[in-house]
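As given, the protein sequences belong to chains A, B, C and D, one line each in that order. Following the working numbering, the numbering of the first sequence begins with 2 at its first residue and continues without gaps. Following the working numbering, the numbering of the second sequence begins with 2 at its first residue and continues without gaps. Following the working numbering, the numbering of the third sequence begins with 2 at its first residue and continues without gaps. Following the working numbering, the numbering of the fourth sequence begins with 2 at its first residue and continues without gaps.
One should not assume that every hint holds.
Which copy is meant is left open, so a pair is good if it fits within one copy or across any two.
What the hints assert, rightly or not - Below, in silico cross-link-like pairs of lysine to any residue (SDA-like), each with a Cα-Cα straight-line distance of 25 Å or less: (1) K52 / V125; (2) K132 / Q89; (3) K100 / T8; (4) K100 / M45; (5) K100 / D118; (6) K100 / V113; (7) K100 / E121; (8) K100 / A120; (9) K100 / A37; (10) K132 / T116; (11) K132 / R4; (12) K100 / L115; (13) K52 / G75; (14) K52 / E29; (15) K52 / I78; (16) K100 / A53; (17) K52 / Q70; (18) K132 / T46; (19) K52 / A136; (20) K100 / P122; (21) K100 / D49; (22) K100 / H126; (23) K132 / A146.
Hint data in this document are derived by calculation from the structure and do not stem from the laboratory.
There are 4 protein chains.
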Amino acid sequence: MLRNIRTIRIEWCDCDPAGIIFYPRYFEIFDTSTTALFERVLGMTKVDYLKAFDFAGHPVVETRARFRQPTRFGDDIAIETRLVECAQSALRLEHRISKGGALAVEGFETRVWLTRDAAEPRYVHRRPIPKEVIARFAQAATEQAAVEHADTAT
Amino acid sequence: MLRNIRTIRIEWCDCDPAGIIFYPRYFEIFDTSTTALFERVLGMTKVDYLKAFDFAGHPVVETRARFRQPTRFGDDIAIETRLVECAQSALRLEHRISKGGALAVEGFETRVWLTRDAAEPRYVHRRPIPKEVIARFAQAATEQAAVEHADTAT
Amino acid sequence: MLRNIRTIRIEWCDCDPAGIIFYPRYFEIFDTSTTALFERVLGMTKVDYLKAFDFAGHPVVETRARFRQPTRFGDDIAIETRLVECAQSALRLEHRISKGGALAVEGFETRVWLTRDAAEPRYVHRRPIPKEVIARFAQAATEQAAVEHADTAT
Amino acid sequence: MLRNIRTIRIEWCDCDPAGIIFYPRYFEIFDTSTTALFERVLGMTKVDYLKAFDFAGHPVVETRARFRQPTRFGDDIAIETRLVECAQSALRLEHRISKGGALAVEGFETRVWLTRDAAEPRYVHRRPIPKEVIARFAQAATEQAAVEHADTAT
Chain A
2 MLRNIRTIRI EWCDCDPAGI IFYPRYFEIF DTSTTALFER VLGMTKVDYL KAFDFAGHPV
62 VETRARFRQP TRFGDDIAIE TRLVECAQSA LRLEHRISKG GALAVEGFET RVWLTRDAAE
122 PRYVHRRPIP KEVIARFAQA ATEQAAVEHA DTAT
Chain B
2 MLRNIRTIRI EWCDCDPAGI IFYPRYFEIF DTSTTALFER VLGMTKVDYL KAFDFAGHPV
62 VETRARFRQP TRFGDDIAIE TRLVECAQSA LRLEHRISKG GALAVEGFET RVWLTRDAAE
122 PRYVHRRPIP KEVIARFAQA ATEQAAVEHA DTAT
Chain C
2 MLRNIRTIRI EWCDCDPAGI IFYPRYFEIF DTSTTALFER VLGMTKVDYL KAFDFAGHPV
62 VETRARFRQP TRFGDDIAIE TRLVECAQSA LRLEHRISKG GALAVEGFET RVWLTRDAAE
122 PRYVHRRPIP KEVIARFAQA ATEQAAVEHA DTAT
Chain D
2 MLRNIRTIRI EWCDCDPAGI IFYPRYFEIF DTSTTALFER VLGMTKVDYL KAFDFAGHPV
62 VETRARFRQP TRFGDDIAIE TRLVECAQSA LRLEHRISKG GALAVEGFET RVWLTRDAAE
122 PRYVHRRPIP KEVIARFAQA ATEQAAVEHA DTAT
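Bound conformation, chain A alone (with noise of 0.2 Å):
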């Protein structure tokens, strides 16, 4: 299964007067990381993905998120996205933020494929995902498998 790991601090800017993180937050924050792993698989950033392949976006049609043990402002947090299905017309995502290795919130995503319409560009139309995109998802989740075998194996 695809999956990427990043790290960031929250910020202070990232919390409420609670001195927690403001929950919201933490869509953006899968928001980010689904990009981060998009970008490694692809091999380019969102800007140009959305011009390589040309469509408007992968938004979200369906979230859920829990959420164990709140962080506040200094934590590090590392998040693990994972690509949990790639078919034809959706791709489905989960994220794990951990903090001192601990699980803290736990997010699913499901997206589709949006294409602007071609007269009024303002308005946007569900696409399936083109084959050459789930194809390279396919090989990159091959592809790590059999590094984390060889890492496994020795």
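Dock chains B, C and D against the given chain A, drawing on the hints supplied.
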């Protein structure tokens, strides 16, 4: 069932390069809508009810949302927030965002009652919701049902 | 001098762990206030006026603010926005935020008129403000002055 | 002159429908950059230095910025933050954001030292910066100048 409706405009600063609302903003909208419901029932602002009941907040421990159609800057939306459960240990709320009468987003959240640690105020503890608060919510629901029944009967 | 006043409540999500507004939020408030002034004068929403005048936006090129007293969540504030200059190449605006009648924040900003590059829509160019727009702002200022003079004379 | 440099990527969530950064985000970047400088000099995170020096924060009382060229999502930017004054009552800082070596944004800010009211912790008071803090900043500036002089001399 206790409910509150408020309307807001989606602003430029809520939207992303795709021209639609950046979805984490919906959770900010949900949070402010929950506060608006509480403020109306408790008859005081959040600043004051946190002090009156001596607690640190009512953070979300689990949330979920379905995004059925996008909203874009300049859209006027209505948010209907309903308190669907107010038990000893948890508050469950549902939000329905509509645009031009059509459902755009559904949100679901579970909140708990937190008090601040006496010795180390940065830390918080989950506590039962005060009986006075539960009673006020129940009374408000009864009053609202009576008003709505009267409206229907007319 | 053309001006517009709007009132908002400082929300929980606007505030930081010190319990006061996180100051970058004021610039979001200024931006929305400028849009509100433009929408009123041009008689259409920002979505529509960007299309009507075929431009990409009126970004800030320079801004300044003085924070005289903090605002905290639950505070109701008034924002008075004045257009102090609308010349060929730049718009200058001033914002005054008050709380309970007392001045809390002053903001100053200079904006320019941008159009989108025909060949590469991601890029934008600075252009003179259309004469029609300058004329509408001038007319609105004259009308407002007449109303305010009448109010004063009464 | 004491300075710190950090690099970040402009993310999708930082940008507006024009595809460029929404300018209030720069003030969030400035705020985090100031904290990064303080953390390095004081040798502890903001969480810890607020406790160590028993104060409520170092809020901005005046700020100013010039936006020379836009940054857009995917851009990697460098922020150089310099402490240009650390007097009895105020801290003055300057930020320079560059993209690909070219100056994009300049920021200027004046901060004060706040302590929390003993009787009513929601309220805060302006206080002189502790001598220990001023001494540490002076020492860090001297050390940095020595390192930079050595680098230049080599």
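Hint-by-hint comparison with the structure:
no.	hint	in the structure
1	K52 / V125	both (15 Å within a copy, 17 Å between copies)
2	K132 / Q89	within (8 Å within a copy, 51 Å between copies)
3	K100 / T8	both (10 Å within a copy, 23 Å between copies)
4	K100 / M45	between (29 Å within a copy, 18 Å between copies)
5	K100 / D118	between (42 Å within a copy, 21 Å between copies)
6	K100 / V113	between (30 Å within a copy, 21 Å between copies)
7	K100 / E121	between (45 Å within a copy, 20 Å between copies)
8	K100 / A120	between (47 Å within a copy, 23 Å between copies)
9	K100 / A37	both (20 Å within a copy, 20 Å between copies)
10	K132 / T116	within (15 Å within a copy, 36 Å between copies)
11	K132 / R4	within (20 Å within a copy, 46 Å between copies)
12	K100 / L115	between (34 Å within a copy, 21 Å between copies)
13	K52 / G75	between (36 Å within a copy, 13 Å between copies)
14	K52 / E29	within (22 Å within a copy, 29 Å between copies)
15	K52 / I78	between (32 Å within a copy, 21 Å between copies)
16	K100 / A53	between (36 Å within a copy, 23 Å between copies)
17	K52 / Q70	between (39 Å within a copy, 22 Å between copies)
18	K132 / T46	within (19 Å within a copy, 40 Å between copies)
19	K52 / A136	within (18 Å within a copy, 39 Å between copies)
20	K100 / P122	between (42 Å within a copy, 20 Å between copies)
21	K100 / D49	between (32 Å within a copy, 17 Å between copies)
22	K100 / H126	between (38 Å within a copy, 18 Å between copies)
23	K132 / A146	within (21 Å within a copy, 54 Å between copies)
Hint violations for this structure: none, all hints satisfied.
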